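Chains as they are written, first to last, in numbering that gives the first Met the number 0: chain B, 0 to 303; chain U, 0 to 86.
It cannot be assumed that every hint is accurate.
[Said to hold, decoys possible] Reference listing, derived: stretches of chain U covered by chain B, where coverage requires no fewer than 3 residues with Cβ under 8 Å from a Cβ of chain B:
no.: 1; region: 28-35
no.: 2; region: 38-49
no.: 3; region: 60-68
[As the list claims (entries may be wrong)] Lysine to any residue pairs mimicking SDA-like chemistry, simulated, CA-CA at most 25 Å apart:
no.: 4; chain 1: B; residue 1: K123; chain 2: B; residue 2: G204
no.: 5; chain 1: U; residue 1: K3; chain 2: B; residue 2: D23
no.: 6; chain 1: B; residue 1: K280; chain 2: U; residue 2: M25
no.: 7; chain 1: B; residue 1: K280; chain 2: U; residue 2: L17
no.: 8; chain 1: B; residue 1: K280; chain 2: U; residue 2: T10
no.: 9; chain 1: B; residue 1: K280; chain 2: U; residue 2: K78
no.: 10; chain 1: U; residue 1: K78; chain 2: B; residue 2: K123
no.: 11; chain 1: B; residue 1: K229; chain 2: B; residue 2: R265
[Stated by the list, open to error] Some chain B residues near chain U, calculated using beta-carbon distances under 10 Å:
no.: 12; residue: G68
no.: 13; residue: M70
no.: 14; residue: D73
no.: 15; residue: T121
no.: 16; residue: R124
no.: 17; residue: Y125
no.: 18; residue: L254
no.: 19; residue: W263
no.: 20; residue: D276
no.: 21; residue: L278
no.: 22; residue: V284
no.: 23; residue: R288
no.: 24; residue: P291
no.: 25; residue: P293
For the record, the hints were derived by calculation from the structure and aren't laboratory data.
All figures in this text were calculated on a predicted structure; none of them were measured in a lab.
Don't be surprised by glycine CBs; every beta carbon is placed ideally from N, CA and C.
Okay, here's what each chain looks like letter by letter:
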Amino acid sequence: MKEKNVMSPNNNLTHLSIADIQIDLRSPLTVREMHIDELLEPFFGQPERPAGRIQLQWEESADILRGEGEMVYDPGIIWRMFRDGETWCAEISYGDQPAGAGNEEVRCLLRANNAWDTLTMTEKRYGTGGWHSLLALGAGELIIRSAMALSGGIVLHAAGIDDNGRGIVFSGHSGAGKSTQLDFWLDEDGVIPMTDDRVAIRVSGDYAVCYGTPWGGMPDIASNHAAPLKALLLLEQASENGISLLSPNNAATMLACRAFLPYWDRALLQRAISNLDRLVKSIPVYLLRCRPEPSVVELVRSVL
Amino acid sequence: MIRKESFLLQTVGGEHLLVPLGSQVMDTNGIITLNETAAFIWDLLEEERTIEELTTAVAGRFEVSRGQAESDITLFAEKLDQNGLLQ
Chain B
0 MKEKNVMSPN NNLTHLSIAD IQIDLRSPLT VREMHIDELL EPFFGQPERP AGRIQLQWEE
60 SADILRGEGE MVYDPGIIWR MFRDGETWCA EISYGDQPAG AGNEEVRCLL RANNAWDTLT
120 MTEKRYGTGG WHSLLALGAG ELIIRSAMAL SGGIVLHAAG IDDNGRGIVF SGHSGAGKST
180 QLDFWLDEDG VIPMTDDRVA IRVSGDYAVC YGTPWGGMPD IASNHAAPLK ALLLLEQASE
240 NGISLLSPNN AATMLACRAF LPYWDRALLQ RAISNLDRLV KSIPVYLLRC RPEPSVVELV
300 RSVL
Chain U
0 MIRKESFLLQ TVGGEHLLVP LGSQVMDTNG IITLNETAAF IWDLLEEERT IEELTTAVAG
60 RFEVSRGQAE SDITLFAEKL DQNGLLQ
C-alpha cells in the first residue's frame with residue numbers, strides 16, 4: 000500500500016487514504032522524518048474510489064504560532080478554531096507532549112479553505128527523537144472530520160469491527176465499555192477489528208460503510224479496513240443483558256451526542272447532521288444494555 | 000423576543016434537534032430536543048416576535064385554545080431566556 004514519490008529534492012509527495020478520503024501530502028520532510036509512519040503507515044496509499052481528495056502542504060516554522068483571525072470555537076485546552084477572511088485556521092496546542100514543549104504551547108496551525116480540500120499545515124518541531132507530527136493525531140482527525148461531513152459521512156466516538164463481512168459499530172462515551180466489547184469480539188472467528196475509539200461512517204442511499212481510522216487508544220487496532228455497516232449499537236452498562244431497537248428519533252439525539260460534529264461552521268454542521276439523519280433512517284440502531292461478559296457477542300448476533 | 004443566531008435547528012430521524020454553534024457550544028448544556036410546537040416557535044423567532052404574535056400563529060397552526068397556547072408560549076419563552084437562547 001505504501002507509495003511515495005519525490006516531486007523535487009525538497010518536496011516529498013505521500014498519499015494517504017483514510018475512509019476513502021485521499022490526502023496528497025507534500026512536505027520537505029519524509030514520512031519518517033515527520034514521524035507519522037508509526038500511526039499512519041496502514042493508511043499510506045490511494046483509495047480505489049476516492050470519496051474526496053485533499054491537497055495538504057506541510058511546512059515547518061520556528062516562530063511562535065498563534066491562531067489567525069477571529070476565534071470562533073474553543074472546545075477545550077487542545078485546540079481552537081479561528082476564522083480569517085475565507086480561511087479556517089485551527090490552532091492545536093498539544094498532542095503527544097514532546098520534551099521541551101509546554102502543554103499550552105501552540106504546536107500547529109492548520110489552515111483550510113471553505114471546501115476543506117486545500118490545506119496548509121504549519122508545525123513546530125521540538126528536539127530530534129520525541130517529536131511527532133500532529134498530522135498523525137489531532138490535525139489529521141480534524142481534516143477527516145471535515146472531509147467526512149462533506150462526503151456524506153460522519154465520525155463517531157465508537158469502536159468498530161467487521162464480523163464476517165458485517166460492520167458493527169459500538170458507540171459510547173469514554174468508560175461505556177467499547178474496549179471491553181472489542182476484547183470479546185477479537186476471540187471470535189472471522190472478526191477484524193477496525194478501531195477502538197473513532198469510526199468513520201459514510202451513507203449512500205440506504206447503504207452505509209464503516210471505516211477504521213488511525214485515532215484511538217490502541218494504535219495496533221487501528222486498521223485501514225472498511226465493511227458494510229449492518230448495525231449501530233449504543234452501549235450502556237447494566238446489571239442484565241438486553242438489546243432493543245431504537246426508533247430513528249430516539250437514536251438521533253443519542254448519536255448526535257456521540258458524534259464529532261464540526262461545531263465551528265454552520266454549513267459544515269448542517270451537512271454532518273443531514274448525514275446523521277440519513278444514517279438513522281437507513282441503518283438499525285440498537286440500545287445494548289449489558290454486563291461485561293462474552294455472551295454479549297451472541298446477543299448482538301441474534302439481531303443482525 | 001428574538002432567538003440567538005448561534006444555534007442550528009435540524010430534524011434528525013424525525014426529532015427536532017437544536018444544536019449550538021461555535022462559542023455557544025461551551026455555554027450550552029449539549030444538544031436540545033424540541034417538540035413540534037417548540038420547533039415551530041423557534042422558526043418564528045428568527046424575527047422579533049411578541050407573545051401575542053406567537054399565540055396567534057400557534058393557535059392558527061395547532062389544535063389548541065388561544066388561552067392554553069399563550070400560557071404554554073409564556074412558559075417556553077421563560078425557558079428559552081433562562082437557558083440563554085434569546086438575544
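Hint by hint, here is what the structure shows:
As drawn, the region 28-35 of chain U meets chain B at 3 residues by the rule of a beta-carbon pair under 8 Å; at three or more, the given contact holds. Counting residues of the region 38-49 of chain U whose C-beta lies closer than 8 Å to any C-beta of chain B gives 0; at least three are required, and the coverage claim is violated. Closer than 8 Å: that is the beta-carbon criterion, and the region 60-68 of chain U has 0 residues meeting it against chain B, so the requirement of 3 is violated. Pair hint B/K123 plus B/G204 does not hold up; C-alpha atoms about 43 Å apart against a cutoff of 25 Å.
The hinted pair formed by U/K3 and B/D23 fails the criterion: a straight-line CA distance of about 40 Å is larger than 25 Å. For the hint linking B/K280 to U/M25, the alpha-carbon distance of about 29 Å lies beyond 25 Å, and the restraint is violated. Proposed proximity of B/K280 and U/L17 is supported: the alpha carbons are some 19 Å apart, at most 25 Å. Of the supplied pair hints, the one linking B/K280 and U/T10 holds, its CA atoms being roughly 12 Å apart against a limit of 25 Å.
At roughly 31 Å between alpha-carbon atoms, B/K280 and U/K78 are farther apart than 25 Å, so this suggested pair is violated. At most 25 Å may separate the alpha-carbon atoms for a hinted pair to count; U/K78 and B/K123 exceed this at roughly 47 Å. Under the criterion of a C-alpha separation no larger than 25 Å, the hint pairing B/K229 with B/R265 is inconsistent with the structure, at around 30 Å. For the restraint placing B/G68 at the interface with chain U, the shortest Cβ-Cβ distance is roughly 13 Å, beyond the 10 Å limit, so the hint is violated.
Annotation: B/M70 was flagged as interfacial toward chain U, and the flag holds, the nearest CB pair being 8 Å apart, inside 10 Å. For B/D73, the interface hint holds, the least distance from its beta-carbon to any beta-carbon of chain U being 7 Å, beneath 10 Å. At its closest, the beta carbon of B/T121 sits 23 Å from a beta carbon of chain U; the interface hint therefore is violated under the 10 Å criterion. Because the beta carbon of B/R124 sits about 31 Å from the nearest beta carbon in chain U, more than 10 Å, this interface hint is broken.
A hinted interface residue such as B/Y125 counts as satisfied when its beta carbon comes closer than 10 Å to some beta carbon of chain U; here the least separation is about 29 Å, so the hint is violated. Residue-level restraint check for B/L254 holds (minimum Cβ-Cβ distance to chain U is 8 Å; threshold 10 Å). Hint status for B/W263 relative to chain U: holds, with the closest Cβ pair at about 6 Å, below 10 Å. For B/D276, the interface hint holds, the least distance from its beta-carbon to any beta-carbon of chain U being 4 Å, beneath 10 Å.
This hint holds: B/L278 has a C-beta 9 Å from the nearest C-beta of chain U, less than the 10 Å allowed. At a threshold of 10 Å, the smallest CB-CB gap from B/V284 to chain U is about 9 Å, leaving the interface hint in force. Interface hint at B/R288: violated, since its Cβ lies 21 Å from the closest Cβ of chain U, which is beyond the 10 Å cut-off. For B/P291, the interface hint is violated, since its Cβ never comes within 10 Å of a Cβ in chain U; the closest pair sits about 27 Å apart.
With its C-beta approaching chain U no nearer than about 32 Å, B/P293 sits outside the 10 Å limit, and its interface hint is violated.
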